[in-house]
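Student: Sequence:
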Amino acid sequence: MHHAEKSAPHTLQNLPAQDISAEVLIEKYAKGDERSAEAVNLRVARALAQAEPAAHRALWEQRFAEALRAGFIPAGRIQSAAGTALSATLINCFVQPVGDSIS
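Numbering (the numbering used here), first residue to last: 187 to 289.
If you are wondering where the hints come from, they were derived from the structure by calculation, not from laboratory data. Be aware that one or more of the hints could be misleading.
[Said to hold, decoys possible] With beta-carbon atoms standing in for the labels, derived distance ranges: (1) Asp286 / Lys217: 41 to 51 Å; (2) Gln248 / Asp286: 44 to 54 Å; (3) Ser287 / His242: 18 to 28 Å; (4) Ile288 / Gly218: 44 to 54 Å; (5) Asp219 / Ala240: 21 to 31 Å; (6) Pro239 / Ser273: 16 to 26 Å; (7) Ile212 / Thr275: 22 to 32 Å; (8) Glu224 / Pro283: 22 to 32 Å; (9) Gln282 / Gln248: 17 to 27 Å; (10) Gly285 / Asp219: 16 to 26 Å.
If you're wondering where the values come from, they're calculated on a predicted model, not measured in any experiment. For glycine and all other residues, C-beta sits at the position ideal for the given N, C-alpha and C.
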């Protein structure tokens, strides 16, 4: 019987970002004068925090920004539209109901 080796948890320390990752993120999701992944992350964090009560928005903006810095990657539509003037849904998946013909 083989014993499973204890492996290191997946963290940013042992899974460093590749240069191409930042380039693709900026090319696909940067808006206006955003020139860095951090700028995109701050826009998204600020936009997501808007769903919280006004008194708690600064705290949630900070928490969302920390999650993004730690490697959380939201769906593409969120990164593309959150915090912009685009009139787009942030829902990345649509579900169409299937009609039931059994009476």
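Student: Against each hint, give a clear statement of whether it holds in the structure.
Tutor: For each hint, the structure was consulted:
1. A hinted range of 41 to 51 Å for the beta carbons of aspartate 286 and lysine 217 is consistent with their spacing of about 42 Å.
2. About 46 Å separates the C-beta atoms of glutamine 248 and aspartate 286, a value consistent with the hinted range of 44 to 54 Å.
3. At about 47 Å, the beta-carbon gap between serine 287 and histidine 242 misses the expected band of 18 to 28 Å.
4. Between isoleucine 288 and glycine 218 the C-beta distance comes to about 52 Å, which sits within the given range of 44 to 54 Å.
5. For the pair aspartate 219 and alanine 240, the beta carbons lie near 26 Å from each other, so the given range of 21 to 31 Å is met.
6. Judged by the Cβ atoms, the range 16 to 26 Å given for proline 239 and serine 273 holds: they are separated by roughly 24 Å.
7. At roughly 23 Å, the beta-carbon separation of isoleucine 212 and threonine 275 lies within the given 22 to 32 Å, and the hint holds.
8. With their beta carbons about 40 Å apart, glutamate 224 and proline 283 fall outside the hinted range of 22 to 32 Å.
9. At about 37 Å, the beta-carbon gap between glutamine 282 and glutamine 248 misses the expected band of 17 to 27 Å.
10. Against the hinted window of 16 to 26 Å, the Cβ-Cβ separation of glycine 285 and aspartate 219 comes to about 48 Å, which falls outside the hint.
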